[in-house]
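Asker: What follows is each chain in one-letter form.
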Amino acid sequence: MKNIDSLFAAYMAAWAIFFVFYLTVALRTAAIRRDLDRLKNSVARGK
Amino acid sequence: MMKNVLAAVAVFLLLGAAAYASFFIAPTDAKQGLIYRILFLHVASAWTGLTAFFICFIANLLYVWRRQPRWDWLGVSAAEVGLAFTTVVLVTGPIWAHPVWGIWWTWSPRLTSTFVLWLLYVVYLMLRTLVEEPDRRALFSALFGIFAFIDVPLVFGSIRWWRDQHPQPVVMGEPGSGMDPIMYKVLFFSWFAMLALMTLLLRQRYKLEAMRSDLETMQHELEEA
Chain U
13 MKNIDSLFAA YMAAWAIFFV FYLTVALRTA AIRRDLDRLK NSVARGK
Chain C
0 MMKNVLAAVA VFLLLGAAAY ASFFIAPTDA KQGLIYRILF LHVASAWTGL TAFFICFIAN
60 LLYVWRRQPR WDWLGVSAAE VGLAFTTVVL VTGPIWAHPV WGIWWTWSPR LTSTFVLWLL
120 YVVYLMLRTL VEEPDRRALF SALFGIFAFI DVPLVFGSIR WWRDQHPQPV VMGEPGSGMD
180 PIMYKVLFFS WFAMLALMTL LLRQRYKLEA MRSDLETMQH ELEEA
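Read top to bottom, the protein sequences are chains U and C. Just remember that this note's numbering sits 12 ahead of the position in the first sequence, which is counted from 1. Take the second sequence: its position 20, counted from the start at 1, is 19 in this note's numbering, and no numbers get skipped.
Calculated from the structure, these hints are not laboratory results. These numbers come from a predicted model, not from an experiment. Where is the CB? At the ideal position from N, CA and C, for every residue including glycine.
Capping the alpha-carbon separation at 25 Å, the derived lysine to aspartate or glutamate pairs in DMTMM-like fashion look like this: (1) C/K2 <-> U/D49; (2) C/K206 <-> C/D134; (3) U/K52 <-> C/E131; (4) U/K52 <-> C/E223; (5) U/K14 <-> C/D28.
Listed next, with one range per pair, are the computed distances between beta-carbon atoms: (6) C/R162 <-> U/D49: 53 to 59 Å; (7) C/M1 <-> U/L51: 23 to 29 Å; (8) U/A42 <-> C/P180: 42 to 48 Å.
Computed footprint of chain C on chain U, listed as stretches where at least three residues anywhere in the stretch have a Cβ under 8 Å from a Cβ of chain C: (9) 15–25; (10) 34–47.
Whole structure, please, built from the sequences with the hints as guidance.
Answerer: Structure, rendered in structure tokens:
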């Protein structure tokens, strides 16, 4: 069981990187969707 | 929506199966012991990152040729996804190196060329924030992306052409190099799982870029009206 802590750290680090990346994509998508909706609403109100 | 959730669950199961195979099916390495199992994560991530950069390169070429925005969207999406996988490579590499080599990092050809690759794609993404006009931004980043891809063959060839602290290639290496057949199967299965994750991330990231383009177009139309 030598070096199991390093092995565990490597897997945890990799999963954290993928998770953070996925989260940033999801957050950016949500922000753009909000902006798009706001813009569409303001265009609809202007008509 | 339901399709997206099912795709995410399928990818998650695949990654879980790959991790199980890496820990419990692949035999333990006689020299390195347990720590060598990082290989299934490190090498699979490296191959997947290079695959993403290759997709970016093809998309950049197609943008220069066709000037269609969708190739720009694919290019930037693949660059970001490739960067995530290369970050995993650069983080897991030293974790593996420390117990085996006794050092975290050395400026050997393979490690240096991989770090330069990571930096090049960081610059690719930063360059995009400097140009506001969408067509010029897409063309500049496509040209830079084509240039950045030159480093990919260097990463591939570095351990074949020069003496390196990094282990010799386990696939397409010299005669006598290689691994146990079960290790190969687990490695290719891990790569397959990583490719599935890459596809999932790429799809999400592409959708974001398409929406950003819609937003920019709407804002531009409103400013002109």
